[in-house]
Amino acid sequence: MNTRDKFSELSGVQRRHFLQATAGGLSLAVGLGGEVWAQGVVKKYGADSMPGGTVDNPLVFVSIAPDGLVTILAHRAEMGTGVRTSLPMVVADEMEARWDRVKVVQADSDEARFGNQNVDGSRSVRHFFVPMRRVGAAARQMLEAAAAARWGVPVGQVRAMQHEVLHTPSGRRLGYGELAAEAAKQPVPKGEALKLKSPKDFRYIGKGQVRVVDLQDIGRGKALYGIDARQPDMVFAVVARAPVVGAKVRTVTGREKALAVPGVLKLVDIPAYSGAPVFQPLGGVAVVARNTWAAMQGRAALQIEWDDGPNGSYDSVQYRKTLEAAARAPGKMLRNDGDALDAWKGAPEGRRVQAEYYIPHLAHASMEPPSATARVSADKAEIWTSVQNPHAARDGAAKALGLKLEQVTLHNLLLGGAFGRKSKPDYVTEAVLVAKTMEGRPVKLTWTREDDIHADYLHTVSVEHLEAVLGADGMPQSWLHRTVAPTISSLFQQGAMGEGPSEVGMTAINVPFVIPNVRIETGDVPAHTRIGWFRSVFNIPHAFAVQCFVAELAKAAGRDHKEYLLALIGPPRKINPTTLGDSWNYTESPERYPIDTGRMRDVVEAAARGARWGRKLPKGHGLGLAFAYSFMSYTATVVEVAVNDKGEVHVVAVDMALDCGPQVNPERIRAQMQGGAIMGLSLALMSEITFEKGRVQQGNFNDYVVMRHYEAPRTIRTHLVNDNIDVPPGGVGEPPVPPVAPALANAIFAATGKRMRDLPIRQVV
Amino acid sequence: MVRFTLNQQTQDVQSAPETPLLWVLRDELGLTGTKFGCGMALCGACTVYLDGEAVRACTTPLSAVSGKAVTTVEALENDRVGRAVQQAWVETSVAQCGYCQAGQIMSAVALLKATPKPTDEQIDEGMSGNICRCGTYVRIREAVKLASGRLAGGARS
Chain A
1 MNTRDKFSEL SGVQRRHFLQ ATAGGLSLAV GLGGEVWAQG VVKKYGADSM
51 PGGTVDNPLV FVSIAPDGLV TILAHRAEMG TGVRTSLPMV VADEMEARWD
101 RVKVVQADSD EARFGNQNVD GSRSVRHFFV PMRRVGAAAR QMLEAAAAAR
151 WGVPVGQVRA MQHEVLHTPS GRRLGYGELA AEAAKQPVPK GEALKLKSPK
201 DFRYIGKGQV RVVDLQDIGR GKALYGIDAR QPDMVFAVVA RAPVVGAKVR
251 TVTGREKALA VPGVLKLVDI PAYSGAPVFQ PLGGVAVVAR NTWAAMQGRA
301 ALQIEWDDGP NGSYDSVQYR KTLEAAARAP GKMLRNDGDA LDAWKGAPEG
351 RRVQAEYYIP HLAHASMEPP SATARVSADK AEIWTSVQNP HAARDGAAKA
401 LGLKLEQVTL HNLLLGGAFG RKSKPDYVTE AVLVAKTMEG RPVKLTWTRE
451 DDIHADYLHT VSVEHLEAVL GADGMPQSWL HRTVAPTISS LFQQGAMGEG
501 PSEVGMTAIN VPFVIPNVRI ETGDVPAHTR IGWFRSVFNI PHAFAVQCFV
551 AELAKAAGRD HKEYLLALIG PPRKINPTTL GDSWNYTESP ERYPIDTGRM
601 RDVVEAAARG ARWGRKLPKG HGLGLAFAYS FMSYTATVVE VAVNDKGEVH
651 VVAVDMALDC GPQVNPERIR AQMQGGAIMG LSLALMSEIT FEKGRVQQGN
701 FNDYVVMRHY EAPRTIRTHL VNDNIDVPPG GVGEPPVPPV APALANAIFA
751 ATGKRMRDLP IRQVV
Chain B
1 MVRFTLNQQT QDVQSAPETP LLWVLRDELG LTGTKFGCGM ALCGACTVYL
51 DGEAVRACTT PLSAVSGKAV TTVEALENDR VGRAVQQAWV ETSVAQCGYC
101 QAGQIMSAVA LLKATPKPTD EQIDEGMSGN ICRCGTYVRI REAVKLASGR
151 LAGGARS
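Protein sequences, first through last, are from chains A and B.
Mapped onto the numbering used here, the consecutive letters of the first sequence carry residue numbers 1 to 765.
Mapped onto the numbering used here, the consecutive letters of the second sequence carry residue numbers 1 to 157.
Read the hints as simulated data drawn from the structure, not as lab findings.
Just so it is clear, the structure is predicted and the values come from calculations on it, not from any experiment.
Even glycine gets a Cβ: it sits at the ideal position worked out from N, Cα and C.
Treat the hints with caution; some may be incorrect.
FRET-style restraints, in silico, Cβ to Cβ [claimed, not checked]:
hint, chain 1, residue 1, chain 2, residue 2, range
1, B, Gly30, A, Ala149, 14 to 24 Å
2, A, Asp269, B, Asp12, 28 to 38 Å
3, A, Leu196, B, Glu125, 44 to 54 Å
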C-alpha cells in the first residue's frame with residue numbers, strides 16, 4: 001500500500017458501518033469502582049472519571065467484511081508501548097478472531113464515540129482491558145446468535161472458534177464473513193448475558209506471541225508518523241518562537257529579507273498567549289515555505305526583539321538556591337502521623353540522619369519532534385498529527401479557529417515517541433493558526449530539535465529534603481520529607497505554587513513504611529517555565545530521594561540495604577491510600593487499588609534474586625537496589641555498576657522486576673521495562689536542562705545528552721512477577737522509570753562509598 | 001537542477017543546491033522513511049547511503065549528491081543484507097515507537113557489510129551514532145547478532 005492509499009484509508013474507513021449496522025451510540029458505563037457516597041453522589045474513579053469514559057459497544061469498534069476480514073479500531077494512539085496492538089488483540093481474543101485475519105485501523109479523535117483517548121498516565125490497559133474484553137465477547141456472542149438463528153438451533157449448541165461458528169452436534173460451520181450482516185442485527189449482550197472468556201481459554205492475552213502490527217512497516221520506512229503527513233499542494237512552516245515563556249514580540253526586522261529567501265512564501269504572526277500557558281502557543285512569527293529547509297532559512301533571516309516579561313531572569317543556579325531555602329524552612333504540612341518534629345528535636349545527634357537531593361529539569365526529546373499538518377477553510381479544519389491527547393488537540397484547534405468541535409477532524413498517526421510531551425498540543429494550534437491564513441492550502445508545521453528542547457513542557461526541577469531519627473534498633477522512629485518543586489498546576493493556573501495531591505501522591509505522601517512519626521511537607525516556589533508531565537512525572541524526584549535515603553539509613557544502621565528495605569515495608573498487608581493522606585491514588589478507587597505491601601516485597605525479592613544480591617563482586621563493582629510503586633504497579637530494580645580508577649561509571653547490568661497485575665502482552669511489558677531502564681539511566685547519568693536569562697541553555701543532542709548504544713548496559717534482565725488476572729490492571733509505560741536512578745546511585749555508593757545526591761551524576765564520580 | 005540516482009532511478013531536483021538531502025527526500029520527493037531527528041548529524045535517524053557509504057542526510061547538501069547514487073530505507077529490501085537485518089529486527093521485536101529504527105537498520109546494514117561478524121565493541125562503535133530514546137539498545141544488539149549469524153550461514157531471507 002502506498003502512502004496516498006494509507007492516507008485515504010485514514011479518512012475513509014471510519015465512515016464504513018461497523019458490523020455493517022448503524023452504530024446505536026450504545027455506551028455502557030462499565031460498572032467499575034463507582035462508590036456511592038452518603039449524600040447519594042457517586043464519586044467516579046478510574047476510567048469513569050476520565051473525559052469520555054469508556055465505550056464497550058462492538059458496533060463501534062469491530063467490523064467484519066464479507067470475506068471474513070475483521071477490522072478492529074484502535075482508539076488509543078501508539079507511542080511505543082504497543083497499545084495499538086494490545087487492545088485490538090484483547091478484542092480479537094475474546095471474539096475468537098484469528099489474528100492473521102485481523103486488520104487494525106487507527107480511530108480519529110472522537111471521545112464521544114470511542115471513549116477516552118488520552119494516552120497519558122499509563123492508563124490504556126488499566127482502563128480499557130475490561131471494556132475491550134466486553135467488546136470482543138459481545139461480538140462473539142452476536143456471531144453465535146446469528147449462526148444459531150440461521151440454523152434454527154438453540155444458541156447453546158453453537159460455539160465461536162477461530163473465525164468460525166461451529167454447530168457442535170452436527171459439525172456444521174459458518175465463517176465470520178458469512179455471518180457479519182446478520183450478527184450486526186442481533187441485540188448487543190450486556191449485563192449478565194455478556195459472557196467473558198475464561199482466562200484459561202485465552203489465545204493471545206498473556207502469551208506474548210503477537211507482534212506489534214506496525215513492525216514490518218517500521219523496518220521498511222513505511223510506517224507513518226505525524227511528521228510524515230502529506231497532502232496535495234502542501235507547504236511547510238517553522239516558527240520563530242518566544243525564547244522565554246511569556247515573552248512577547250517587541251519588534252521584528254528582516255521580514256523582507258526572510259521573504260526574499262528562495263522558496264519562502266509568507267510570514268504569519270502568531271500571538272503570544274494570555275493567562276495561564278495551558279496548551280497555547282508561545283507566540284512568534286511563522287515562516288511558510290516550499291520546504292522545511294527554506295522555512296528554516298527564512299526564519300534565520302528574521303531578527304526579533306523580545307519583551308522577555310517576568311520569566312526573563314530565570315536562572316538555574318539562582319533557582320536552586322530558592323529551592324534549597326524553601327526545602328530548609330518549614331513548609332505546608334500534608335501528612336502528619338505522630339510528631340516527627342518533636343522526635344527530631346529530642347534525638348541525640350548520632351541518631352539523626354538528613355540528606356538533600358537535587359533533580360534537574362529534563363526535556364522529553366522524543367525522536368520525532370512535534371509536528372502537525374492542517375488544512376483549514378471557513379467552516380472546517382482537518383489535522384494530521386501525532387498527539388497523546390487527540391481530544392485536547394482538536395478542542396484547542398477548534399477554539400483557536402472559532403469552530404465547533406464537530407467541524408474539526410483530527411487523524412492521529414503514529415507517535416515517534418512522546419513521553420508526556422505530546423500530551424500538550426501547542427504545536428497543533430500553531431499549525432491551524434498558520435493554515436487558516438493559507439486559503440485552504442495544507443501546511444505542515446515542524447519543530448526542529450532546537451525548537452523542541454527550547455520550548456518543551458519540561459519535567460520539574462526539585463530539591464528533596466529528608467530527615468530521620470533512628471531508634472536503638474537502627475530502624476527509623478521518624479521520617480520527614482519536604483519536597484519542593486514548581487508545580488504542573490502552574491500550567492493551568494497562573495501563580496500556582498506547592499505540589500498538589502497528584503504530585504505528592506507520587507511516592508512522597510504515600511510512603512507505606514512502618515515508621516511511627518511521619519511528616520510530609522511541600523514548599524511554595526514559583527514556576528518560571530512550562531512544567532509538564534515527563535514519563536513517571538513526580539515519581540522521578542520523589543523515588544530518587546526516598547530510595548536513596550533508605551539506603552543511607554541502612555548504612556547508618558549498619559544493616560544490609562535489602563533487609564532494611566523489607567523491614568521498612570513491613571509484613572504483607574493492604575493499605576488504603578487515604579489512610580496515608582493520599583486523596584488522589586492515580587484517580588483510582590482506594591478500595592479497588594489498595595497499596596499491597598506483599599506485592600512490594602515480591603518485586604524487591606525478585607529483582608534481588610535476579611541480580612544474585614549479596615554475591616561477592618569484582619573490585620570496583622557495586623549492586624544498588626530501589627523499588628517504586630507507581631501507576632498501580634510495583635517495580636524494583638537492582639543495578640550493577642563498575643567504577644574504574646578514573647571514577648568512570650559503567651553500568652554492567654540491570655535487573656528489573658514488575659508486578660502490573662494481569663499481563664496482557666508480556667513481550668511488550670518486557671520491552672517497556674528495558675526501555676524504562678535506559679531512560680532511567682539516561683536521566684540519572686547525563687541529562688539536564690538549565691536556564692540562563694530565562695532561556696534554555698541546551699539545544700540538541702550535543703548538549704542535551706541522552707544515552708547511546710555504547711553507554712547502555714548489555715544486560716537487562718526483566719522479571720515479571722505475580723501474573724494475576726484477579727487484581728485490577730496496573731500501568732506499564734511509566735512504572736519502570738522511577739526505581740532506576742536511585743538503584744544506580746545506591747550501586748555507585750556500594751562500589752565507591754561516594755553518595756550521589758545530585759542528578760545527573762555525569763558518568764564520573 | 002541537480003541530477004542523481006535515487007533508489008536506482010534517475011532523479012532531477014530543482015531545490016537550492018545547499019538544501020540538505022533530508023528535506024529534498026522528505027518534502028520534495030515524498031520519501032518519508034528517512035527521518036528528521038536533529039539536523040546536526042547527532043542522532044542517525046536520517047541515515048542513507050551515498051554511493052554505498054552511510055551518511056547523514058540532514059547534513060549532506062543536495063550539491064554533494066550530484067551524479068551519485070542515493071539509497072534510502074525504502075529500497076533496502078532489494079539488498080540481501082538489508083533483508084536479513086529487516087527480518088532480524090522483526091523477529092527480535094526491536095521497535096517500540098519505531099521512529100529511529102529505519103536509521104538504526106541502515107546503520108546496522110552498513111556495519112554488517114563492513115564487518116560481517118562484529119564483536120560487541122564493534123557493534124557499539126557501529127551503532128552509537130544512532131540514538132533511540134525508547135531505549136531499544138539491548139534488542140538492537142541482539143538483532144544485529146541474529147542477522148550476522150544468518151548471513152554467515154548463507155541463509156537467504
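Here is what the structure says about each hint:
no. : hint                              : result
1   : B/Gly30 <-> A/Ala149: 14 to 24 Å  : violated, 50 Å
2   : A/Asp269 <-> B/Asp12: 28 to 38 Å  : holds, 37 Å
3   : A/Leu196 <-> B/Glu125: 44 to 54 Å : holds, 52 Å
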